[in-house]
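Enquirer: Turn these sequences into a full structure, and let the hints guide you.
There are 2 protein chains.
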Amino acid sequence: MTRERLYLFDTTLRDGAQTAGISFSLDDKVAVARMLDALGIDYIEGGYPGANPTDSAFFATDHALKAKMTAFGMTKRAGRSAANDPGLKAVLDARADAYCFVAKSWDYHVEVALGISLVENLDTIRETVRSARVKGEALVDCEHFFDGYKANPDYALSCVQAAYEEGARWVVLCDTNGGTLPEEVEAIVAEVVRHVPGSHLGIHPHNDTGQAVANALAAVRAGARQIQGTLNGLGERCGNADLVSLIPTLKLKPAYAQAFDIGVSDEGLRQLTQISRTLDAILNRQPNRHAPYVGANAFAHKGGIHASAVAKDPRTYEHVAPEAVGNARKLLVSDQAGRSNVLAELKRVGIEVDPKDPRVMRLLEEVKEREANGWAFEGAEASFELLARRMLGGVPRFFDVLSFRVGVERRHNALGELATVSEAVVKVAVDGEVLMSVAEGNGPVNALDLALRKDLGKYQPYIDDLRLTDFRVRILDGGTGAVTSVALESTDSAGEVWTTLGVSSNIIDASFQALEDSITYKFLKAGAPAPRQSA
Amino acid sequence: MTRERLYLFDTTLRDGAQTAGISFSLDDKVAVARMLDALGIDYIEGGYPGANPTDSAFFATDHALKAKMTAFGMTKRAGRSAANDPGLKAVLDARADAYCFVAKSWDYHVEVALGISLVENLDTIRETVRSARVKGEALVDCEHFFDGYKANPDYALSCVQAAYEEGARWVVLCDTNGGTLPEEVEAIVAEVVRHVPGSHLGIHPHNDTGQAVANALAAVRAGARQIQGTLNGLGERCGNADLVSLIPTLKLKPAYAQAFDIGVSDEGLRQLTQISRTLDAILNRQPNRHAPYVGANAFAHKGGIHASAVAKDPRTYEHVAPEAVGNARKLLVSDQAGRSNVLAELKRVGIEVDPKDPRVMRLLEEVKEREANGWAFEGAEASFELLARRMLGGVPRFFDVLSFRVGVERRHNALGELATVSEAVVKVAVDGEVLMSVAEGNGPVNALDLALRKDLGKYQPYIDDLRLTDFRVRILDGGTGAVTSVALESTDSAGEVWTTLGVSSNIIDASFQALEDSITYKFLKAGAPAPRQSA
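So the sequences go chain by chain: A and B.
Using our numbering, the first residue of the first sequence is number 9, and each one after it goes up by one.
Using our numbering, the first residue of the second sequence is number 9, and each one after it goes up by one.
Honestly, the hints are just simulated from the structure, not real lab data.
Identical copies go unnamed one by one, so any copy, or any two together, can satisfy a pair.
Quick list of in silico lysine to aspartate or glutamate cross-link-like pairs, DMTMM-like style, CA-CA up to 20 Å:
#1 Lys-158 <-> Asp-321
#2 Lys-143 <-> Asp-101
#3 Lys-376 <-> Asp-36
#4 Lys-355 <-> Glu-504
#5 Lys-376 <-> Asp-35
#6 Lys-158 <-> Glu-326
#7 Lys-435 <-> Glu-425
#8 Lys-261 <-> Glu-192
Expert: Laid out in structure tokens, this is it:
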């Protein structure tokens, strides 16, 4: 069976740039464009030349990509010729392979928002396409197409036909408000396909009912052959159709993989997780751990029942192989865990144990008990490992904190200004020697951290490269008298990252536990020798 | 046209509890159950009694809700009678109205994972349903139903029929691996409906291809009449079907609203945004600003063309009215847009101001500046109100904190045990009088709170009924040297609840700011007289 070609059009750098709270620098745009090209995307909509300096600069260069670089703009202004429209000129002067113009296709918008006649709007579309074809490929985004079709189907369709007849390579049906349902998209696109061939039709959904991905696929089933979306579903309001969710479905689900051919190769697909995370890093956004296919937890199994089955045969609980998209399986340890989770985790951290060893069940009980009291081991594998080693083998007491004291004081300084100062004193015993250190910090936990790590005697070299990178606090059961759980993330020069926990009704105490465990874990990892004397 | 009843089954507290990185305390479960009940959910799956202490404790009480409290468990173990299965017994002994058992329906799982015959599995289903019906309503979750149906349709169907014939009120078709596509769900459910009435069929999707919501609706279109999902799409891996996305579509989109009646009233729908955010607050999770319907940005429009059009007629750019789900429109970017926001908020808290007053723009600038530095006023209206009053009218300085000092000390006590003690000293000036108080607490913030509120002179009566009910901490930009944002929730005997913020690199300082503002807000609210002397 011959497969039909399905085209992917990415608008991360244009529609995605309209996401609240993010912006792309010129370098960012170039980096993302190259990533998209390496992935195998067919069209890259780089921005709106003339609308802002970054986009204009981006289009001043030919980036020499395999993909078709696409410039976005608005159809020519009413009452002017195409040649006399500076906005249009700026777009057409851009160094691009394709030019995509947004046009009105909802009669209400034409008459009220634009204030022109329905006929004038059609002429505008034709003239714009004609101008674009001189320069390269012409595309037209029919804004509000589905709402427009419901209001006045003949008019909406005539907009599509005008663009197609004038020679547009693609006419894209946009669900601009994002409220159209998949069954409606499928029915309407099927109607349009009776007048304009699907080989020239695209779909541009938005995620306002949580169905942008479903809408894209519904349009494809009805005959459309171009999907417009963004990486990680970026975009205004609730986002655009997420290409990171769509590409694996198109490549791995037989219903689509057997019918369609896309520009993304199997190797490109394996880069997808990395690409998704790189974009988040560029934008300093927290990755969505639950993202389909590429999320850190997309193949993470928590329930005990699930974990034992997936160990036997992954197909029992995984709909596709994580490796296909560059992701990996995870088994989690938590109060939902069963013995299999614990055994898998012990194996992963290199602790040898007989599965029938009764201490395994005791460890599981201890985990469940602690989880009921505020400990959340999942995401804090280093704390789990320390607990496991303590219960199954023993961990050396590298250092013993005899006492600590931390104070925060806000008072007027010599200039009469209110200033807050934090100071911590820590007394530790290291292999029989008692050491005492003081430090000031930004806050009480920072001061304690600095004081604790200032002088650990013979073990000091092992923690010189220890850095704390994240600090998360949860107050359980509300109020200032409640239980506090602190998760501390640390790293070292080897680039390994580990998380340790502390739980107490006292936030300082909780933070201190997490700190102590982080240091102990580092010592274990670095192979620090056990003390000669017990502390 | 008579509408059919469509039932909503929430499994936030069971399947949702399997979300990586979250856990529910007993109090959390009760709070969430009450929220779901107020929303109008028909079935609340509270957990798996016997599987862990929290769930067992939850089911030891009758929570007296309108909804049907549902206990989850596994079908009876093979080779035992129902009476001799302690796991089953633990579930059936729970105080619940309904009992939902997960059963295998994929022949491969029956034979390989369970290691029993296909016939035995059917008997297991029947026996379990029979035992459950003695206690209350019986439900059966057919695990891996869609994969099972594709592998062996007759067997999968026979599992459904076995449950139905034995008297199960609902047989739920689960897309356990989450990889089934909407068109497949629709076709398969339509087939099942030819053998078992849709009035007794439920759908339980997972979001592994980003189409859980679409799958739920596809099943309903094919005849299923129960949807199982979670709030905010919580759940393992990529989550369950998001009821927060589904409910507004069912209530507001004519295709569904005209055909179906659900338990959520219009008033319940208006609570949805609040409910979604409250769950995130309980779990200390960042709300998804891009969530359909309820996200902070779901109705956020860039300024300019959109803003003026949407001001004229919201339908031009909004697919539903934000107020219907308790959300609000946001106008971003342009000064014009921002000003409308601030004016609306001032009006809401009862501050009279001339829209052209230049202080309004200064207030907007101050808000934007603070938001860029860690202040999140949305959700902390009392802090916004105080800021607004300070900039527009003045707020009396009821008390002036001259200095404070808080210490946390961990040392060995007289018994040789390590104990941690927190002590705070606060010096305040109240109407010319200097007062100094000391207090001990569970932790540094608790100690400061008690010391600060111990003696505020003439104003003491106004805060006798002030209670702190929640305390949320966010560390921004990572590490122990980063910016901390604290949100404090307070209440009084009048039952009003308000939230105040504090932001600082020092967590104690941040907490103290939030405390001071909470007390000041309470004085304002209670009409405390301004001091005669300035402090």
